[in-house]
Structure formats: C-alpha cells, structure tokens
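Protein chains: 6
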Amino acid sequence: MATVKLIQNKDASPEVLAVFEDIRKTRGTDFINNFWRALATDPVHLKNTWHEIKSTMSGGSIDDMVKEMVYIAVSTANGCSYCIHSHTAAAKAKGMTDEQHAELMRIIGLAGKTNQLVNAMQVPVDEVFLA
Amino acid sequence: MATVKLIQNKDASPEVLAVFEDIRKTRGTDFINNFWRALATDPVHLKNTWHEIKSTMSGGSIDDMVKEMVYIAVSTANGCSYCIHSHTAAAKAKGMTDEQHAELMRIIGLAGKTNQLVNAMQVPVDEVFLA
Amino acid sequence: MATVKLIQNKDASPEVLAVFEDIRKTRGTDFINNFWRALATDPVHLKNTWHEIKSTMSGGSIDDMVKEMVYIAVSTANGCSYCIHSHTAAAKAKGMTDEQHAELMRIIGLAGKTNQLVNAMQVPVDEVFLA
Amino acid sequence: MATVKLIQNKDASPEVLAVFEDIRKTRGTDFINNFWRALATDPVHLKNTWHEIKSTMSGGSIDDMVKEMVYIAVSTANGCSYCIHSHTAAAKAKGMTDEQHAELMRIIGLAGKTNQLVNAMQVPVDEVFLA
Amino acid sequence: MATVKLIQNKDASPEVLAVFEDIRKTRGTDFINNFWRALATDPVHLKNTWHEIKSTMSGGSIDDMVKEMVYIAVSTANGCSYCIHSHTAAAKAKGMTDEQHAELMRIIGLAGKTNQLVNAMQVPVDEVFLA
Amino acid sequence: MATVKLIQNKDASPEVLAVFEDIRKTRGTDFINNFWRALATDPVHLKNTWHEIKSTMSGGSIDDMVKEMVYIAVSTANGCSYCIHSHTAAAKAKGMTDEQHAELMRIIGLAGKTNQLVNAMQVPVDEVFLA
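Chains as they are written, first to last, in our numbering: chain D, 8 to 138; chain W, 8 to 138; chain B, 8 to 138; chain F, 8 to 138; chain H, 8 to 138; chain X, 8 to 138.
Among the clues, some could well be false.
If several chains are the same, the list does not tell them apart, and a pair holds so long as it fits within one copy or across any two.
Lysine-lysine pairs mimicking DSSO-like chemistry, simulated, CA-CA at most 27 Å apart [said to hold, decoys possible]:
#1 Lys-54 <-> Lys-99
#2 Lys-61 <-> Lys-17
#3 Lys-12 <-> Lys-101
#4 Lys-99 <-> Lys-17
#5 Lys-54 <-> Lys-101
#6 Lys-32 <-> Lys-61
#7 Lys-32 <-> Lys-12
#8 Lys-17 <-> Lys-32
Think of the hints as simulated: they come from the structure by calculation, not from any bench.
Keep in mind it's a predicted model, so treat the numbers as computed, not measured.
Please work from the sequences and hints to get the whole structure.
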C-alpha cells in the first residue's frame, strides 16, 4: 500500500489529466503506471517530474536503452524495487536483449563487490585520478 | 590511509607480480592503481577479482564505455569515492565525451530523486511489470 | 515473515508486558505494532529501545511532528519500508497535513537527487563550510 | 578533486552567470558554493536544479529551517559529506540552535538504528499501517 | 516476481545442472533456492558465483557461522530482504542460537546508529587510526 | 571538519569527564577518540551511547573480536569511513589476524555482489525461508 492515494482518472484534476495525456502520447500507450498516480497527489510535482523524465530519458548523446540500464543500476544500488521493475521493463521495450541484461547483472554485481572492497580497505584515491 | 598495506612492487610475491603484469599488458600502461595494491595483500583474491574485472568489463554485448557508465552509476549510489574517480577516468579513456558525462549526471541525479520518491510514497509495483 | 518470532501477549514475560503497557499508556492506544513484538524476543533490547524512542521522539526543542518527518526522511534513504509506513502514520497522527506530506516528498526527492549529483561529481567541500 | 571542472566566473557563459546572479540575490550573499560551479558544466541542468532548489526549499507549509533538517537527514543516510556540510550551514543560518542540532542527531541516530533492526528482523508491516 | 526467469530443472542446460548438482552435494540437500535459479539464466555467471560462494563461505580462518553473521550484517545495511532471509537460515543451520541472533541484532542496530551519528557530525578520523 | 565542536578535556563538564574517565578505564588507555569528543556536545547522548556500546560490544554469547568484524561489515555497507577505521583498529586490538582480515574482505565483497544481484534480479524469497 502506498502512503499516498493513487489518483484514478475520475478523481484527477484537469492539470493532472493533461500530464497523463502527455505520458500516454509520448509513450504510445494507454497505460499510466502507479508512480505517476502517486505523484498526482501533488500536480505541480507530477508535472515537473514528468518533464524532467521526458527531457532526460530520451534523445541527447546517450542511447535511450543505455539510459535505462544506468537507471536500473542506480535503482539497484538504492534498493528501489519498483524502479528496478519499471526500468527493466523500459529497457526491454527499448531493445535490451537477454544477453545484455545478463551482462548488466554481471557489471552491477561486480561494481557492488568492488565498492564494498574499496570502502572496507579504505583505498586512497591515486594522484593520477585527481589530476 | 588504507586499513591494509598497499603492496609495492619490491614487496610483491611472484603471484602478485604476475597479476600486475597482466593488468599492465591488458591496459597498455605501466600504472597500477591503489585498488590492486591493496587487494594484493590477499593474492588469491587479487587474482580472482582481476580475472572478474577483465572478463566482465571488456567485450560482450554491451559497449565498453557504457559498462564504465554503469559502474559510475552503481558506485555513486553506493557512495564509493575511489570507484567514482577511477571509473570516471576509465570512461573518459574509453571515449566518454563531456556532453555524455553531463547527460550521465542528469540520469543519475534523476534516478536518485525518483528512487527516493518511490520509496517515500511506497508505490506498489504495477501488475503489468510482474507479468 | 520476520526472521524472529513476533511475541504475542500470552507468550510475553512480565518484563515484556510492562514495556507493552507503557507503550499503550504513552500512546493512548491498545495497539502494539509488530516492531515491538519482534524486539520482544530480547526483553532488554526492547526495554532500552523503547526508552530511547520515548525520550527522543517527544518533547525537547523540535516539534514532535517534525521529528516524525525527519524519521521518514532517514527511513526513506535507508530503504526501510516498515519504518516509512509506521512513521508516516505517526506523522499524520501528529498533524501532518496532505500539503505538508507532499512538500516533504519534494524535499526528500530533491535531496536524493543532489546527493547523487554531488557524489557523482565529487564536489569538494567549500572552505567556508569547514570554518 | 571533482570529476568535472568547477566553473569560475571568468569562464562562465551568460546563461550560467545569470543563474549565479539569481543565487546571490536570493541568498543575499556574494558566495557561490562549489556545487553550483560543478553543475555549471551543464548550464541547463544548473538552471533547472537551481529552480527546483529555490522553489522547494523556501515557502510553503513546512518551515524553512525544518526543510534543512530534513535535507541533513536524507544526506546523512545517503552518506553525502558535502551535502551534510552545506545543509548544516544552511540550517544554522536559518536559526537551528545547538540544542536543536543535538536533538536532530539523536533522531537521525535512532532512526538509523531502528531502520537496521527492522530490516535485520524483517518485521512485517502491520495491517493497520496499510489501511 | 523476478526480472529474469527462474530456471527449473527441466529447462536447465547440462552446465547449469552440474552446478545445481554441486550445490546439492556441498549442502547435503535437494533444495536449490531461487537465487541460483535466477542466476542460471547466465550459466557462466552462475558457475563463477557459486564457486566464489563455495570457496569463501566455508573453511579458512573465520568460523562458518560467523561468516553467515557477517553476511547478514552486510545484507541488512544494503537492504537485501532475500539475502537476510537466506543467510539467517544459513546461520541458524550452522548453529547460531537465539541468544546469538539477538546479540547480532543489537550490534547491527548499534552500528547503524553510530554510522549515522558519525556521518551527521562528520567526525574527522583520529590520527592514531591512520598510522 | 566536524559539523559540531570536538569537546576538549578543558572544556568538558563534570558529566562528560566522568564518561571519558569510564571510557579510559574500560579500554585501558588514555586516548579518547573524536567520536566521543563530538558526541560530548550532548552529554546525555554521550552517556547513553557509551553505555550502549559498552554493554553491547563486550561479553555475551558472541566473541568480542567477531562483534568488531560485524561492526566493520555494517559500517562498510553504510559507507562510514570513520567507523571502518576505528572498528578495524578495534578488531586488530582484539586479535584479528591479517589472514582473518583478508577473509573478512572476501565475505564483505561477496555479500556486496550478491546483494546487488538479488536486488537487480528481484529474486522472490523461497517459501522455505519464510517458514
């Protein structure tokens, strides 16, 4: 259960409905996932966050599928189950193959391991990395 | 200061020196960074971890530069300063442009934000993501 | 499922029952939530932790509702689902309005974002903050 | 050392200078801290993030000093040293007394403790919190 | 639901079945838990990770039960519910008593508290610890 | 730099000095490390936290050195540099050998890896672990 209401279409203000409409149009789907319905309890926050997602996660100099992989990586390290599910779905929708997914798991696992090792051994940053 | 000794070449066992040599050859550089010198206090761990890094971070179905970006993402969320420095250097060495670096920052920042929002609002995972 | 037993009233020692009684009296409710039933597997730990909660979360120079907001913030960043649920309920019981809750979400989300950005960019602390 | 350049005034574009000017004016100080100089490597990100900070951290239904306390709490749990320093300074500037700071430490420490306990014991969320 | 398939015996390749067989033999049980079935989507990763677990978690200079306690501690701080469940079960199977479990909870809770306090107060490392 | 004052002996109240004295006596050393000097800004918090550390970290059913290892593990996953330094020193003082330290690194690194893998793959908890 969420700690906030999940706003259904019939309870949504025109401002919220407009964002939902843009999400649908941008993604080419009728589906509005729960994150947006939860955020809709604060229409301004919903609008700004959607704008940030929309402008960040598509276009630019990094491939859209790669962006989703990075998102999965951060969400994993932050332990956000919902985010892992939704961005894994997004990465697959943008073409991530099973082989790439498996490789992503290897990198994320390895990074988790060396992150802990470096912290536990308190390895000092090499001068060359600070130049 | 590290909580373990940083093994210098003159104090390294032949087993450690062999790993160092392979790192140098693989990377085309004489430089051995502190992470490996710290791990060298446990030669078997050094050897296995180097083997894991070597086989994971190059080749396969994900671009080498992208792998470094994912590594930066995990290391940031885990708060590993050393790892952020070393893998940012590696990503740049593998061709990450300033524009791509800036975009990576946007994605990592945004993911950090929505991870917290989803956790704080305890958004339930949509059925469709579980299919 | 918990990794420890949840102690029910009929299985509780007099020492545990005394803490439960004080929780009920302090909170003006008959309800003992699962955290206390789990901790009750170690009566001394139960007693000390309850004492710490009781003396920390009420009175003093910070408003009780604000204390719950801070608790939500820490629990979110630490990814403790139970804690987010229970302290959101407590904050609401102490008067947190929907508007304040929405604003809290904005701050927590924003802090999560800039925390990641600062870590990813390894921003050095300004001299003035160290004075 | 940051992983990005810290943009000094003389190297800043007009767009960046305009944000710096608004920061100075809003805060009533000439000082621009390193976070903004690092973000200035991406002027659009700088502008949007400053706008988000400015609109979130002042006004509304939560006291400005309380907002900074929440920020300290999130930053502590996320282990962002820079953020802890800068927002502790901000909280003090907005009136946080030593007594309140000490109390904040107690809450943050206690939350960190119970977060771990709840996770380690995997306490199931009470039905009443899900209603 | 997992974001990868859980490989059942009938769908497993000979390479995967060989690892499953070694897990069963090493542990003296017929049961293969979901972690291995998920990893089996990448047989090389499965094999290497099992080898790492097998060689790390048994034998050597630290008692096997103590190793599981350390694993619980890391998994708690990283918020990995599955890992807490499986390694608590393993620790109990290796002899951890209820009293030891309760004491482990105290240490993990206390460490979580002082970790936050140290971070929030940004306590500088004493010279003597760096020697 | 700490965000609170580090209380020196000459500035300490009798209440603080009494705790310092007990720390010295208990540990058989004249040295008071910075954590206690920082906490001394809140004498009641100092006293309670010292009491908690003293009663938790010595005696009972888990070996004192093992307790320090668990503390290192939690502190690593939480990214508390100070805590890693101080508890590694404590573990060594209580007899942790270099071999045991190296093995601890392996376990912590491995746990960090599998924690991430489990989160990234969202492995469902096996029924048997919930029994």
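So, going through the hints one by one against the coordinates:
1. Lys-54 <-> Lys-99: both (26 Å within a copy, 25 Å between copies)
2. Lys-61 <-> Lys-17: Within one copy only: 24 Å inside a chain, 33 Å across chains, cut-off 27 Å.
3. Lys-12 <-> Lys-101: Between copies, since 19 Å is at most 27 Å while 30 Å is not.
4. Lys-99 <-> Lys-17: Answer is between; shortest inter-copy Cα gap is 26 Å, intra-copy 31 Å.
5. Lys-54 <-> Lys-101: within (24 Å within a copy, 29 Å between copies)
6. Lys-32 <-> Lys-61: within (12 Å within a copy, 31 Å between copies)
7. Lys-32 <-> Lys-12: within (24 Å within a copy, 31 Å between copies)
8. Lys-17 <-> Lys-32: Classified as within; 19 Å inside a copy, 43 Å across copies.
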